[in-house]
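Q: Next come the chains, spelled out residue by residue.
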Amino acid sequence: MTLSTGDLLAWLPHNLAAAADALAGTGASLRALQDELDDASVIGLWTGSAGASAEADRLRLVHAMNDLVASMACVVRGLDVAAEGAAHARRVLVEAMEWARAEGFAVDLAGAVLDVRPPSPDPHAVADRLRRHHEISDHVEQALVAARHTDEELAGLLGVVALGLVDGGSGRLSGAATLGTREGERTLLTPPVGGRVGDWNAWWWGLTDGEQRRIIALHPEWIGNTDGIPARARHLANLRLLARWGTPTAGLRALQRLLAAHPDERQLLALDTTGRDLRVVLGVGDLDRARHVLVVTPGFGTTVAGDLDAWDDRLVDLLARSRALDGGPASDHAAVLWLGHAPPQLDDTLVPGRTVLRDDAARSAADDLAGFLDGVDGSRADDPHLGVAGHSYGSLVTGLALRHSTGVDEGAFLGSPGTGTDDLGDLDLPRGHAFHLEASGDLIGDAGLFGRDPSFLEDMRHLSTEASAEWGTSGGRGHSSYFDDGSTSQHNLAAIASGHPEALVDDTGPPSLPDLTREGLWRLGELDARLEDLLARHVPAWP
Amino acid sequence: MSNDAGFGVRPPALRDAAGAIAGAAEQLGALAPASALSRIERGLPGSASAAAARDLARVWRRGYAEWEAAARRHGVALRAGADDYEAVDARAAARLESRGSRDPLDR
Numbered sequence: 001m002t003l004s005t006g007d008l009l010a011w012l013p014h015n016l017a018a019a020a021d022a023l024a025g026t027g028a029s030l031r032a033l034q035d036e037l038d039d040a041s042v043i044g045l046w047t048g049s050a051g052a053s054a055e056a057d058r059l060r061l062v063h064a065m066n067d068l069v070a071s072m073a074c075v076v077r078g079l080d081v082a083a084e085g086a087a088h089a090r091r092v093l094v095e096a097m098e099w100a101r102a103e104g105f106a107v108d109l110a111g112a113v114l115d116v117r118p119p120s121p122d123p124h125a126v127a128d129r130l131r132r133h134h135e136i137s138d139h140v141e142q143a144l145v146a147a148r149h150t151d152e153e154l155a156g157l158l159g160v161v162a163l164g165l166v167d168g169g170s171g172r173l174s175g176a177a178t179l180g181t182r183e184g185e186r187t188l189l190t191p192p193v194g195g196r197v198g199d200w201n202a203w204w205w206g207l208t209d210g211e212q213r214r215i216i217a218l219h220p221e222w223i224g225n226t227d228g229i230p231a232r233a234r235h236l237a238n239l240r241l242l243a244r245w246g247t248p249t250a251g252l253r254a255l256q257r258l259l260a261a262h263p264d265e266r267q268l269l270a271l272d273t274t275g276r277d278l279r280v281v282l283g284v285g286d287l288d289r290a291r292h293v294l295v296v297t298p299g300f301g302t303t304v305a306g307d308l309d310a311w312d313d314r315l316v317d318l319l320a321r322s323r324a325l326d327g328g329p330a331s332d333h334a335a336v337l338w339l340g341h342a343p344p345q346l347d348d349t350l351v352p353g354r355t356v357l358r359d360d361a362a363r364s365a366a367d368d369l370a371g372f373l374d375g376v377d378g379s380r381a382d383d384p385h386l387g388v389a390g391h392s393y394g395s396l397v398t399g400l401a402l403r404h405s406t407g408v409d410e411g412a413f414l415g416s417p418g419t420g421t422d423d424l425g426d427l428d429l430p431r432g433h434a435f436h437l438e439a440s441g442d443l444i445g446d447a448g449l450f451g452r453d454p455s456f457l458e459d460m461r462h463l464s465t466e467a468s469a470e471w472g473t474s475g476g477r478g479h480s481s482y483f484d485d486g487s488t489s490q491h492n493l494a495a496i497a498s499g500h501p502e503a504l505v506d507d508t509g510p511p512s513l514p515d516l517t518r519e520g521l522w523r524l525g526e527l528d529a530r531l532e533d534l535l536a537r538h539v540p541a542w543p
Numbered sequence: 001m002s003n004d005a006g007f008g009v010r011p012p013a014l015r016d017a018a019g020a021i022a023g024a025a026e027q028l029g030a031l032a033p034a035s036a037l038s039r040i041e042r043g044l045p046g047s048a049s050a051a052a053a054r055d056l057a058r059v060w061r062r063g064y065a066e067w068e069a070a071a072r073r074h075g076v077a078l079r080a081g082a083d084d085y086e087a088v089d090a091r092a093a094a095r096l097e098s099r100g101s102r103d104p105l106d107r
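These protein sequence lines are chains A and B, in that order.
For the first sequence, the residue numbers in my numbering are 1 to 543.
For the second sequence, the residue numbers in my numbering are 1 to 107.
Any given hint might turn out to be false.
Just a few of them, taken from the derived set where beta-carbon distance is under 7 angstroms, the chain B residues facing chain A [said to hold, decoys possible]:
id	residue
1	Pro12
2	Gly23
3	Gly29
4	Pro45
5	Ala69
6	Val76
If you are wondering where the hints come from, they were derived from the structure by calculation, not from laboratory data.
Note that the Cβ used here is the ideal one computed from N, Cα and C, for glycine as well.
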């Protein structure tokens, strides 16, 4: 049966709940007949063949009543579930339509979302709008899918009851009611196949609360690593998956220890044990509610087993600094350690596709990071202030991820060997919201391996890593100093994460000699390429 | 009233049993579950569920009426059984009494 947005908007789910309530009352009246059915027994009152016939007749009435009770309980349960399912589906649609209206989109009866605003000249705004277009479309689509599922399941259940296929057994009427209630559960709506973040999010919110709990308990693998699912649900699902592991590896042990030490303050947002190295995405704080979220991607050599605790400490310190700058409640701030990829290790250096000297590993990781970032944004009804910070090889992963449309508001590159681009315009970041930090003595930050050295990228804002008397922060040196507690670089990251640009400390010094050398070589390379191009176009014999 | 050879019966208790099942029939007859199903159409207008609810309402009306009728018949049968046994008993007693105070061995 085709279901339009108009049909779904006309649904009044409270009528299903009212029907369930009325029938529950009828069910209670039916169950109360147990005394009469017992009192009608002639066992011990009438023996002999006639008495046996009378008792057989009574038992037929009891069986028939059991079926009536079970059918009633089944319909009551089915209606309760359908009422909630219909309400959820309708709410997803109503919210999507309100969102569409606020953003200047129109939704037609078939569920198509149309952009009725003239296109923006700003490419970032265009990408952002396309993302919203997709998200709203996905929500409308999934609302209709959930509504169809609700209707099909309820119609199927009513049909089964009408055919007399609900068996109440031959026991007590209360037992028949229990059997019927169990029959009234609907099958789970399976997750969208190949869907986007918006599909998954709307699918999740189209489920009833009980179905969400069933999925966490019985199918945690559906949602544990799924972008677009709320963080709390992912966390609970991943805890289920974590508990399934018999003999944990060193990485899993480190993870279990950390989660046990902070049961309510960490969120396990992804867990992948399939590869050589454990992959984990760990949230500090509440990603479903925090106004400010910073996603940090570490670099070369990082492992869960060896570095999880240290990175967790860094994020805790960073969040404390953000809160101090912001002055708001602690719940406003959250940070994520994104180890959703396995960073290249030292022994990978000669392994094609894994070596830190090439960008192959970063390219495959970037797609996953982009999906995760999109999911942070797409899993929430509001629009959190979302920042990313990539350190070392992680800055390359971050830069490549930002080539996708992700909803990220701030991008910070720390000790970066390159962001994978010569032009910040390639990254989906609002203009003026790309930040670069390079500590003195950071040789990796001088490497300029992947795209133009970030020290010279146009529109990049360069922030200080030196001591600041104004903020009472210390200077950092070398490649591993950026998150040091009390440092200027940590202060700057906290200012980025908490949306306080007025607190940023700019790097006002001249570029370092290695940076200047690198830039000179890059410009020579550019000049050479332009000369080649010129000669190729104007000198026909040029090879 | 009992008999080791094949049957035993307590007619007053049978009437109580008949009253119980008749009471159940009466209570069931007072219920109208099918009417609540009409709310489904109001909740999900034009849906497959609304059509299914109409079918189920018909099935329930018939099913509840059948149970009620069967229960009433059962109650009537129990009561009739009690009456019949009492009647037979009374007839037997009357025949015996009609013999007066004669010595049963006096032929």
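Q: Which hints from the list above does the structure break, by number from lowest to highest?
A: 1, 3, 5, 6
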